[in-house]
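Chemist: Line order of the protein sequences matches chains C and R.
Just so we're aligned, residue 0 is where the first sequence starts under numbering that gives the first Met the number 0, counting upward by one.
Just so we're aligned, residue 0 is where the second sequence starts under numbering that gives the first Met the number 0, counting upward by one.
In short, the hints are calculated from the structure, not lab data.
Any given hint could turn out to be false.
[To be verified] Capping the alpha-carbon separation at 30 Å, the derived lysine-lysine pairs in DSS-like fashion look like this:
#1 C:K148 with R:K158
#2 R:K158 with C:K152
#3 C:K148 with C:K7
#4 C:K152 with C:K7
[Unchecked claim] On the chain C side, residues computed to face chain R include the following (Cβ under 10 Å):
#5 T43
#6 T188
#7 Y189
#8 E216
#9 A362
C-beta atoms are modelled at their ideal positions from N, C-alpha and C, and glycine is treated no differently.
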Amino acid sequence: MGRTIVEKIFESHLRHPVQAGDVVVSPVDFVFSHDGNRPQPLETFEELGGDRVFDPGRVALFLDHGPNVHTPAVSAMHQRMRAFAVAQGARLYEVGRGISHQVLPEEGHAVPGRIIVGSDSHSCTAGAFNLLATGVGSTDLATAMMLGKLWFKVPETIRVVIDGPLPPGVYAKDLVLHLLRELGADGATYRALEYTGGTIASLDMHARMTLTNMAVEMGAKFAVMPADEVMQRFLAGVGVTDYFETASDQDANFQAVHHVNAAAMVPLVAEPPNPDRVRPVEEVAGKPIRQATIGTSANGQLDDLRAAVQVLGDRRISPDVRLFVAPASRRAHLDALREGLVDRLVEAGAIWGTAGCSGCTGASGFGVPADGEAMITSAPRNFVGRTGNRNADIYLASPATVMASALEGRIADPRPYLAIATPETAGVSR
Amino acid sequence: MIAQGKAQRFGSDINTDVIIAAQHKAASLDLAEMARHTFEDIDPGFVERVRPGDVVVADTNFGCGSSRETAARVLLACGISAVVAPSFGRIFFRNAINVGLPAIECDTSGIEQGDLIRVDLAEGHVSVPDRHITRPTTALPAVMRALLAAGGLAAYLHKHQDLVLPPDIPNNK
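Could you build all of it, start to finish, from the sequences and the hints given here?
Modeler: Below is the structure:
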């Protein structure tokens with residue numbers, strides 16, 4: 000019987016045969032934490048009697064969840080984390096550098112074949128780089144920081160094969176919302192999701208990371224993708240050249256295999272209060288919104304800002320809408336500046352935020368909606384109270400759909416804005 | 000080990016954001032202060048109603064979403080003695096066991112708010128005498144049983160001075 004990527008990467012670390020269902024204590028290659036959790040892993044590290052981290056070069060701390068440093072508790076936590084990083088010799092990525100999930104590959108930490116644990120549930124995002132990454136809580140993270148290993152139950156793999164060209168106005172976000180609708184919020188719980196197929200091969204790394212990011216919304220432990228030239232080029236660009244690639248065998252024992260025809264996809268929207276309550280945009284269009292947010296670890300990259308500006312064109316957003324935009328990382332911000340995207344967005348009325356988790360949770364100090372308002376966001380989650388107010392409704396969509404909605408003041412289909420101008424479609428430019 | 004108390008009943012897909020919202024983590028570093036906001040976005044009466052020993056009873060996928068270990072810790076701080084649900088978000092599942100809160104997989108249909116419920120961890124069953132319900136629970140993996148028996152991951156590491164799997168169990172299944 001063949002083996003999955005997950006089984007093979009565990010085997011490479013343990014040097015003995017492994018199959019799904021085994022419980023193992025495995026070495027981990029990289030461990031990272033952020034400022035969003037209480038207690039902090041550095042506090043549970045002390046609770047465990049930790050003295051030194053297992054390898055300072057393999058431990059990183061990110062100040063991303065409180066990027067606007069808007070309360071004394073947030074700045075106190077940042078102060079503690081800086082002191083811990085200095086004392087341990089570990090890396091610390093400062094306020095404004097960006098979200099851990101985007102900065103990891105930018106800084107060359109997302110190396111194929113690695114096992115990475117992070118204190119954020121979206122740590123599975125790094126799996127786009129042909130590696131195993133998963134989110135854990137503070138005590139597990141502190142254990143991994145201290146010992147360089149952690150116990151895992153080797154998960155079964157659900158394979159998702161996505162083929163066909165994405166139609167205009169349809170993006171990786173729509174693909175993952177489609178999967179959420181099909182599999183549900185617990186459709187991959189305790190399991191790994193492996194994304195493969197021609198559509199994945201056609202996507203750049205940022206778009207692939209949208210798919211791996213939201214795998215946790217289906218409950219997945221790991222999200223993995225095969226290696227290819229697109230990945231190799233990205234890694235070469237950040238100086239990562241020494242790694243091994245892993246592929247699942249054709250006769251591997253997948254728990255299930257799902258096929259998706261990307262060519263038949265339409266823009267989708269998740270209604271509150273769960274990311275799996277997904278409907279085509281046509282069925283939700285017209286719902287008034289007062290706030291729109293573009294950014295977060297799901298969709299705050301350069302290509303997301305490009306997609307939003309492509310829909311925006313030379314228009315202005317609705318006077319009834321506040322549009323909050325925050326890049327996922329300083330690099331995305333700089334790239335967007337160079338392309339003129341920031342100028343266009345701010346000129347159109349957008350409110351620009353600090354690179355990091357701005358706008359995703361109510362703890363980010365950016366874009367909390369008022370009572371009774373509805374908002375649409377490119378974030379990965381729309382739980383009750385997620386953005387800081389339980390009395391607001393949160394809709395999820397691609398940056399293009401968020402922008403179309405910001406233009407109209409109601410949930411709107413982005414496709415008419417992307418169509419080549421004809422006498423029939425020219426009217427939408429108002 | 001037996002957990003016993005009134006059932007505090009919740010539905011399916013209860014995520015960690017609604018167990019404890021993110022802004023309370025940004026406002027305070029104090030767990031007791033955070034615990035006053037447990038479930039406030041979906042059940043504002045919970046903190047007043049809950050009594051030491053009570054058991055959270057939910058439907059599928061309890062604790063999905065964010066990795067915040069605070070979610071398990073505020074439940075402990077509220078006096079919750081166990082959480083029973085047909086399935087759990089996997090990060091919450093680990094966090095609960097790591098901090099010594101039993102998270103037990105079991106069919107919870109027919110169990111209502113306020114029912115007196117008994118969770119027998121050693122025997123592996125959940126019972127609600129008033130409803131004549133007695134059901135088997137899914138056995139935890141051996142490693143999780145060992146962590147729970149020690150009182151959590153920190154206590155386990157103190158005891159063993161290392162992360163070692165319990166011996167004599169093939170593949171620890």
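Chemist: With reference to the structure, classify each hint as holding or not holding.
Modeler: Okay, the hints, checked on the actual structure:
1. Simply put, C:K148 and R:K158 have alpha-carbon atoms about 17 Å apart, close enough for the 30 Å limit, and the pair holds.
2. As the CA atoms of R:K158 and C:K152 are separated by approximately 22 Å, the hinted pair is consistent with the 30 Å bound.
3. Taking the CA atoms of C:K148 and C:K7, the gap is near 17 Å; set against the 30 Å cutoff, the hint holds.
4. The hinted pair formed by C:K152 and C:K7 meets the criterion: a straight-line CA distance of about 14 Å does not exceed 30 Å.
5. A least Cβ separation of about 7 Å between C:T43 and chain R falls short of the 10 Å threshold, and the interface hint therefore holds.
6. Because the smallest distance between the Cβ of C:T188 and any Cβ of chain R comes to about 6 Å, under 10 Å, the interface hint for this residue holds.
7. Because the closest C-beta pair between C:Y189 and chain R is about 5 Å apart, less than 10 Å, the hint holds.
8. With a least beta-carbon distance of about 8 Å to chain R, the hint placing C:E216 at the interface is held under the 10 Å criterion.
9. For C:A362, the interface hint holds, since its Cβ comes within 10 Å of a Cβ in chain R; the closest pair sits about 4 Å apart.
Checked against the numbered hints listed earlier, the structure breaks none of them; every hint is satisfied.
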